[in-house]
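A.B. asks: Construct all of the structure, not just a fragment, from the sequences and the given hints.
Top line first, the protein sequences correspond to chains A and B.
For the first sequence, this note's numbering assigns the number 3 to the initial residue and increments by one for each residue that follows.
For the second sequence, this note's numbering assigns the number 7 to the initial residue and increments by one for each residue that follows.
Among the hints, a few may not be true.
Cut-off 30 Å, straight-line C-alpha distance, at most; resulting in silico cross-link-like pairs (DSS-like, lysine-lysine) [stated by the list, open to error]:
(1) K11(B) / K69(A)
(2) K63(B) / K76(A)
(3) K91(A) / K40(B)
(4) K72(B) / K81(A)
(5) K75(B) / K76(A)
(6) K76(A) / K91(A)
(7) K91(A) / K75(B)
(8) K91(A) / K72(B)
(9) K73(A) / K40(B)
(10) K75(B) / K63(B)
Since the hints were made in silico from the structure, they are not lab data.
Here the structure is a predicted model, which is why all the values come from computation and not from measurement.
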Amino acid sequence: MANIFNQILIYPLLNLLVFCYHYIPDIGIVIILITILVRLLLLPSFHKSLKQQKAMAELQPKMNEVKEKYKDDKEGQAKALMELYATHKVNPLSSCLPLLIQLPILIALYQVFIRSLNGSVLHGLYKFVNDPGHINPIFLHWINLSHPNIIMAVIAGVLQYFQSRLMLPKTPTTDATTRMMQYQTLYFLPGLTILFGIRFPAGLTLYWIVTTLFGIAQQYFLIRKDNLKVLNGSK
Amino acid sequence: MEILKTISRILSLPLLLVVWLYQRTFSPDHGLFKSLFPYGYCKFYPSCSEYGRLVLKEQGILGLPKIIKRVLSCRPSASPQIDQP
Numbered sequence: 003m004a005n006i007f008n009q010i011l012i013y014p015l016l017n018l019l020v021f022c023y024h025y026i027p028d029i030g031i032v033i034i035l036i037t038i039l040v041r042l043l044l045l046p047s048f049h050k051s052l053k054q055q056k057a058m059a060e061l062q063p064k065m066n067e068v069k070e071k072y073k074d075d076k077e078g079q080a081k082a083l084m085e086l087y088a089t090h091k092v093n094p095l096s097s098c099l100p101l102l103i104q105l106p107i108l109i110a111l112y113q114v115f116i117r118s119l120n121g122s123v124l125h126g127l128y129k130f131v132n133d134p135g136h137i138n139p140i141f142l143h144w145i146n147l148s149h150p151n152i153i154m155a156v157i158a159g160v161l162q163y164f165q166s167r168l169m170l171p172k173t174p175t176t177d178a179t180t181r182m183m184q185y186q187t188l189y190f191l192p193g194l195t196i197l198f199g200i201r202f203p204a205g206l207t208l209y210w211i212v213t214t215l216f217g218i219a220q221q222y223f224l225i226r227k228d229n230l231k232v233l234n235g236s237k
Numbered sequence: 007m008e009i010l011k012t013i014s015r016i017l018s019l020p021l022l023l024v025v026w027l028y029q030r031t032f033s034p035d036h037g038l039f040k041s042l043f044p045y046g047y048c049k050f051y052p053s054c055s056e057y058g059r060l061v062l063k064e065q066g067i068l069g070l071p072k073i074i075k076r077v078l079s080c081r082p083s084a085s086p087q088i089d090q091p
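C.D. replies: Okay, structure coming up:
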């Protein structure tokens, strides 16, 4: 099982990393490039979600009606909403399968960064890829990516906070539990990011910073491109 | 037959624990981040993890093919549906 995982995901990514390193002899920049590449490949159908948001805005009054009708019945509410989506042919929902596919890719990426940064001999290189012996973990002649870096961890945490805030629905809720949940989301993930960041090599933190920035840019684009009215709900 | 069912149920206990943990942490429909998805996340009702939990409780690991089929059908192209186990 571990071998299959190596062959299918880790080695190709590792080889890509070493291949790029041959031409760009700064592992930090290579990590940034590969992160952006992977994010681009994993980019969920972006235009679709834009269209969906527009359709959802038009459906908002009906949704509020349903929510009002099934106020105390969470199951009935979910069912009614589902029926509403089906009859109006909108689809604001994501799906579970892509989530499951993404997970191994992300784990492999983490593995690759760790393996390439710890300075040991690289296993699993293809014949046509130049073996550099070991990889110099200094980013921009300045930051050692193989050691934990607290400042980068904090930056990653702060960015994470902004991303969560952008993703939160803008409609203020009066429901206390929902608000609690939102605060939890807002502070839990950044806290976790910092905690991990001060333990793992800074290469991973760099990956996390880039991927979060990508997410923020994507979200921001979504807000700008679509009118703000959509995210503000139907006011 | 009864024995087979019991074994299947017992073997499903670790999986039920995994689902329980997942639903309380990372699950976008039930977990810590569900407020990020005001319309819900999963295409189906009940959500895939809830469906899995119900099937495991009912049939044990013999229900696994059913669960795998469900998760595989939860694709971006699928339309929202109510799909009780």
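A.B. asks: Would you mind marking each hint as holding or not holding in the structure?
C.D. replies: Okay, the hints, checked on the actual structure:
1. K11(B) / K69(A): violated (40 Å)
2. K63(B) / K76(A): holds (22 Å)
3. K91(A) / K40(B): holds (23 Å)
4. K72(B) / K81(A): holds (21 Å)
5. K75(B) / K76(A): Measuring from Cα to Cα gives roughly 26 Å; hence the hint holds.
6. K76(A) / K91(A): Distance of about 22 Å is within 30 Å: holds.
7. K91(A) / K75(B): holds (23 Å)
8. K91(A) / K72(B): Judged against 30 Å, a Cα distance of about 26 Å means the pair holds.
9. K73(A) / K40(B): holds (18 Å)
10. K75(B) / K63(B): holds (17 Å)
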